[in-house]
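**Q** So you can see what is in the structure, the chains are spelled out below.
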Amino acid sequence: MGLSRRDFIKACAAAAAFAAAGASVARPEWAEAAEDGITWGKAPCRYCGVGCSVLVGVKGGRIVSTKGDPAGPVNKGLNCIKGYFLSKALYGKDRLTTPLIRKGNRMVEASWDEALDLIAAQYKKAIAEHGPDSVALYGSGQWTIQEGYVASKLMKGGIGTNNLEPNARLCMASAVVAFMNTFGSDEPMGCYDDLDLGDTYVLWGANMAEAHPVLFSRLIDNKLKHPKVKLIDIATRRTRTTKMADEFIAIKPHGDLAALNAIIHVILRDKLYDEAFVAKHVSFKRGKENAPYGLKDKEAFNETPADVKNLSFEEYKALMKPYTPQWAQKVSGIPAAKIEELARVYGDKSRKVNSLWTMGVNQHSRGVWVNNLIYNLHLLTGKICKPGENPLSLTGQPSACGTAREVGTFAHRLPADMVVMNEAHRKKAAGIWGVPAEKIPAKVGLHTVEMFRAIDRGELKCIWIQCTNPFQSLPNLNRVRKAAQSRKAFIVVSDIYPTRSTELADVVLPSASWVEKEGVFGNTERRTQQWFKMVNAPGKSKEDVWQLIEFAKRMGHGALFPYPEKGMHRAIFEEYRKFTLGTGKDLAPYGTYAKVRGLRWPVKANGTETRWRYTEADDEHVAKGEGIKFYKAPNNKVSVWFRPYEPPAEVPDRNYPFWFCTGRLLEHWHTGTMTGRVPELRRAVSQATVELHPEDAKRLGIRNRDQVRITSRRGSIVLTAEIGGRGTPERGSVFTTFFDEKKLVNEICIDAFDPLSKEPDFKKCAVKIQKA
Amino acid sequence: MPISGIVVSCRPEEASGVAEKLAGNQGIEVHGVLADGKIVAVIEADTIDAEVDLVKGLQQMEGVISVQLAYHNFEDAAPEGAHPAGF
Chain A
1 MGLSRRDFIK ACAAAAAFAA AGASVARPEW AEAAEDGITW GKAPCRYCGV
51 GCSVLVGVKG GRIVSTKGDP AGPVNKGLNC IKGYFLSKAL YGKDRLTTPL
101 IRKGNRMVEA SWDEALDLIA AQYKKAIAEH GPDSVALYGS GQWTIQEGYV
151 ASKLMKGGIG TNNLEPNARL CMASAVVAFM NTFGSDEPMG CYDDLDLGDT
201 YVLWGANMAE AHPVLFSRLI DNKLKHPKVK LIDIATRRTR TTKMADEFIA
251 IKPHGDLAAL NAIIHVILRD KLYDEAFVAK HVSFKRGKEN APYGLKDKEA
301 FNETPADVKN LSFEEYKALM KPYTPQWAQK VSGIPAAKIE ELARVYGDKS
351 RKVNSLWTMG VNQHSRGVWV NNLIYNLHLL TGKICKPGEN PLSLTGQPSA
401 CGTAREVGTF AHRLPADMVV MNEAHRKKAA GIWGVPAEKI PAKVGLHTVE
451 MFRAIDRGEL KCIWIQCTNP FQSLPNLNRV RKAAQSRKAF IVVSDIYPTR
501 STELADVVLP SASWVEKEGV FGNTERRTQQ WFKMVNAPGK SKEDVWQLIE
551 FAKRMGHGAL FPYPEKGMHR AIFEEYRKFT LGTGKDLAPY GTYAKVRGLR
601 WPVKANGTET RWRYTEADDE HVAKGEGIKF YKAPNNKVSV WFRPYEPPAE
651 VPDRNYPFWF CTGRLLEHWH TGTMTGRVPE LRRAVSQATV ELHPEDAKRL
701 GIRNRDQVRI TSRRGSIVLT AEIGGRGTPE RGSVFTTFFD EKKLVNEICI
751 DAFDPLSKEP DFKKCAVKIQ KA
Chain B
1 MPISGIVVSC RPEEASGVAE KLAGNQGIEV HGVLADGKIV AVIEADTIDA
51 EVDLVKGLQQ MEGVISVQLA YHNFEDAAPE GAHPAGF
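Chains as they are written, first to last, in the numbering used here: chain A, 1 to 772; chain B, 1 to 87.
With the rest of the complex left out, here is chain B:
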């Protein structure tokens, strides 16, 4: 399952409201809300596909300015048609 660490930028006055809504989504863990309106969250999903769907949903949310990716681990994601390692 791929895991990513993201930063969601909001207008500072709307950050806590957005964070509450984020936390209500399955696959999203809110780890902190910073004073300048940035929310730190971890996304976990069965596939990268599902991860991206979650992130896209966040981008459409009222109060969200942008969603950016800090860390992405996909070591156990099913390699889609991948060639053998080291080939």
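Looking at chain A on its own, in the form it has when it is part of the complex:
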């Protein structure tokens, strides 16, 4: 019939798009011909924490096509623009394909045996001379669950140190601490269905249109279908999200801490709270205050049970009295009348209100407190654990939840909400791992910022970095790069491309990525998603699990990993799953995940998922008649914390008069090792730019595309000015991205962190701006 293969493929493309758009257009039979010889497999997307499902088409050992997975409940057949780069991210020219060992200033090709023997020798030497706390492993929210699990078992149950951290410390740690100290269990009660079912969405410093585009599309679909749906964008910068919002409310950096307290003040003053809900479910607490900012090495700050004071509701109300809207107007820049209005939005019984936030709240020197205050709004008004009505903490990496948080690859955590400080938890972990309980140290390991400072201090002798790029992504970057350059520690980096971290390594190991291996990721809404290996990794590349187990064997811990070569990923997962059963974080058998497009835990006895936690309507751990039960919290009561206003670590002054904020754009992802690699992506926004408010630019004589020097107390860089582009910061603030490996933006950033979560504040420091 004269149709070419191109026509077939185009028909396939159109049919897939029609189906994803919800139109019932029959796929022409002859379109099948276009897909002849392509084998399709399912996988969660490699990029962000949304966890979209992708169908990956393989032909002749190569990925030749990708589709949004029509059976994927998260994205229903559609991917964001990053979908264009998914498979090509594996096929860049400079892919690492062989182990490399440093000889002076040169990196020399080596065999796996040479590389692994060298690593083991260095680790053994450090442990013999300085003890197990002189070595570390630094992983990633991009690790699969299996990779994180093996890493945790090796470090905590084998080597005997808690010096294990994920890069998720830099993005999600504040969310984790607040989930734990409010609900007694990590991760949300709600899920993405709330984006379809609610009618009011308050965004706290989140540019969802760019950072979580597929979720934002779901929200906008809801809005276009239902005129009542209202979207309120509270932010320090106008973005693509702002364009779709009903209202933009400008807020000063760090102003959230004041505004949230004032909204709560109004809710209490005007009795907009749900008295019955509060009486049944809430206990009021006051924690440790006058907290430091972590700027000094080894600055210790913890909130122990002895530091926590229980409050009556009346005492709590009295403490909240000074936080008036008039006071908050001065601190946050939000007019007092607008704060009153926001309180009435949260308190409106006819509205289903959702709060959404991500790095703006988490990367904050009082990030845990801001998370706590958002939960307070929902707990006081009872707008929680109901379909379409929940707070939702959004994540950035594909398995920040599944691996870093659920497996617990932090310096203080063990799987399934357990912690190393708790003896019963150590015993449970040791029992499953088959090691003596005393093997797992009770002492919390080094958190990320301290881990890299310890290299500079000469205390940490060996560090192995997998699947992440800390020598670009850490704050106060000059200090840690200089420490690495002066070879103060033995550094191993496993990755798929050369990065600003591999250039500082003593050993570079080539990894397999995404569908070059089998794995499981866990996304923002508690959805656990599995995939199988579909193509071979290039050259001598090996997956991180293999690398860790081969290292373990050389360290004398091989017996901890008795998994068969065939079925290894299943065996690791089944062992990990034992930690979750009966805890309210229950996972399904591995075979189930091979069949479905993910399941949201806790998975019920009958194998179905849980959309809303803590409610009898959906959560099997709550008995009929109990309504809502926060069964992971002490005495089943969640905590409403009094969290006062405390200032940021550094504020603009005469010498450094501007706020400096970093973030992400749609086409770029993290430090750009996978997106920056793809030539198309790099072209889209070819280098980091600095966004200025037009009036600030005019005053400084800076025009669009001029070169601008940005200087903080820690470093100085030159970037191209962008004025009137995709985003516009408020007056007195500038914004840039951190993906560009040629511009180490984080040399500017302060290494202040939240004292409870130890998560750095990448969103606020003081800089001066000059035309270069």
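Keep in mind that the hints are not guaranteed to be accurate.
To be verified - As a list, the in silico DSBU-like pairs of lysine-lysine whose alpha-carbon atoms are at most 35 Å apart:
#1 B:Lys21 / A:Lys428
#2 A:Lys223 / B:Lys56
#3 A:Lys533 / B:Lys56
#4 B:Lys56 / A:Lys698
#5 B:Lys56 / A:Lys225
#6 A:Lys243 / B:Lys21
#7 A:Lys252 / B:Lys56
#8 A:Lys230 / A:Lys280
#9 A:Lys771 / B:Lys56
#10 A:Lys768 / B:Lys56
#11 B:Lys56 / A:Lys93
Simulated from the structure, these hints should not be mistaken for laboratory data.
All values derive from a computational prediction rather than experimental measurement.
For chain A, the structure is supplied; the task is to place chain B on it using the hints.
**A** What follows is chain B alone, placed relative to chain A:
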């Protein structure tokens, strides 16, 4: 040449106007406009680079809320520095 199937979301009242403008671009075929403001289109270009440029252009267009990707075939795209298949 890579080919992709995309869904362009618009405000319903602006969809037909946007669709007309889309159809005027070389490399973009509009296949349908749905009642809820979604436009189904096929993108065809010499390189993925050019494909993405087209999509980026769409995203900047007045009336366009978002552009999403349903299907991408790049089987005959020049493998950029790719390693041999099955290696």
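**Q** Would you mind confirming whether the straight-line C-alpha gap from Lys56 of chain B to Lys225 of chain A stays at or under 35 Å?
**A** holds, 26 Å
**Q** For the pair supplied as a hint, Lys252 of chain A and Lys56 of chain B, is the alpha-carbon distance within the 35 Å limit?
**A** holds, 31 Å
**Q** Can the restraint linking Lys21 of chain B and Lys428 of chain A be considered satisfied, given a maximum Cα separation of 35 Å?
**A** Distance of about 63 Å is beyond 35 Å: violated.
**Q** Mind checking the alpha carbons of Lys533 of chain A and Lys56 of chain B for me, to see if they're no more than 35 Å apart?
**A** holds, 32 Å
**Q** Need the status of pair Lys243 of chain A, Lys21 of chain B: alpha-carbon distance at most 35 Å?
**A** holds, 21 Å
**Q** Is Lys768 of chain A close enough to Lys56 of chain B, meaning Cα to Cα at most 35 Å?
**A** holds, 33 Å
**Q** Hinted pair, alpha-carbon criterion (35 Å max): Lys223 of chain A, Lys56 of chain B. Please report holds or violated.
**A** holds, 24 Å
**Q** Take the C-alpha atoms of Lys771 of chain A and Lys56 of chain B, compute the straight-line distance between them, and say whether it is at most 35 Å.
**A** holds, 30 Å
**Q** Would you check the hint for Lys56 of chain B and Lys698 of chain A, treating anything up to 35 Å between C-alpha atoms as holding?
**A** holds, 29 Å
**Q** When you check the alpha-carbon spacing of Lys56 of chain B and Lys93 of chain A, does it fall within 35 Å?
**A** With Cα atoms ~25 Å apart, Lys56 of chain B and Lys93 of chain A stay inside 35 Å; holds.
**Q** Decide if the proposed pair is consistent with the structure: Lys230 of chain A and Lys280 of chain A, CA atoms, cutoff 35 Å inclusive.
**A** Within the cut-off at roughly 30 Å; holds.
Hint compliance for this structure: hint 1 is the single one not met.
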